[in-house]
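S.K.: Sequence:
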Amino acid sequence: MLDESHAKLGQEQLEARKAIEKKLNPSSLLRCPSKTKISPEARRVWKRIMKLYDGMDVDILSDLDEVALKMYCEAVAVYETAHGEWLHIQRVMVANPQTQGQIDRLLDRMNKQTTVINKLAEQLCLTPVGRARMGVVAINVTVPNSNPIDFLFSQPKQPREGKS
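So in the working numbering, spot 144 of the sequence shown is number 300, and the numbers just go up one at a time.
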C-alpha cells in the first residue's frame, strides 16, 4: 500500500506542473494530420471529434494527446469500414462455411477495434466517465427552482426528429 505522502504534492511540484501545463499547446491548436499520416476516413472522424472538443468549456487535450487521438480516429475508421462490409455481406451472401469465415473475420476485427475505441475514448474524455474524471460538464444548466423535479417538468417538450 502506498504511503499517503506520495499523494500530497509540495508547492514546488505544483508550481512546476503549472509551468509545464502553460507550455503545452491546447486542443484548439491541434491540426488534423496530413493525408500521408492518417487515412481519409480517420480524417473525417478527427474533424468530427475536434468539433466536439471545441464545444466544451475547457481545453482538455494538449499536443501530447495527438497520438492517442490519431489512434482513436483510425480505430473508429477501421471499425466503420468493417461494419459497412459486414452489413453488405449480410444482405448479399447466403450463409455457407466460406462466407461464415469472412463474417467471423469482420466481427473479430470489429471487436478488436471496439476494445481500442473504448480504452482511448475514456482517456480522451469522450465518455461521460472520462469527462467526470476531468471535471468537465458538456452542458451547463442552471436550475432556477430549488426543486429540480419542478424544473424538469416545467420544460417544454422537444419535438422528436422525423415527426411533425
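Derived by calculation from the structure, the hints in this document are not laboratory data. Certain hints may be false.
[Said to hold, decoys possible] Below, computed lysine-lysine pairings styled on DSBU-like, alpha-carbon distance capped at 35 Å:
1) 203 <-> 174
2) 174 <-> 193
3) 275 <-> 191
4) 275 <-> 193
5) 268 <-> 191
6) 207 <-> 174
7) 226 <-> 203
8) 268 <-> 207
9) 207 <-> 226
10) 203 <-> 193
11) 275 <-> 207
For clarity, every value in this text was computed on a predicted model and none was experimentally measured.
S.K.: For each hint, tell me whether it holds in the structure or not.
M.R.: Do the hints match the structure? See the list:
no.	hint	verdict
1	203 <-> 174	holds (29 Å)
2	174 <-> 193	holds (32 Å)
3	275 <-> 191	holds (25 Å)
4	275 <-> 193	holds (22 Å)
5	268 <-> 191	holds (25 Å)
6	207 <-> 174	holds (27 Å)
7	226 <-> 203	holds (11 Å)
8	268 <-> 207	holds (26 Å)
9	207 <-> 226	holds (15 Å)
10	203 <-> 193	holds (15 Å)
11	275 <-> 207	holds (21 Å)
Checked against the numbered hints given earlier, this structure breaks none of them.
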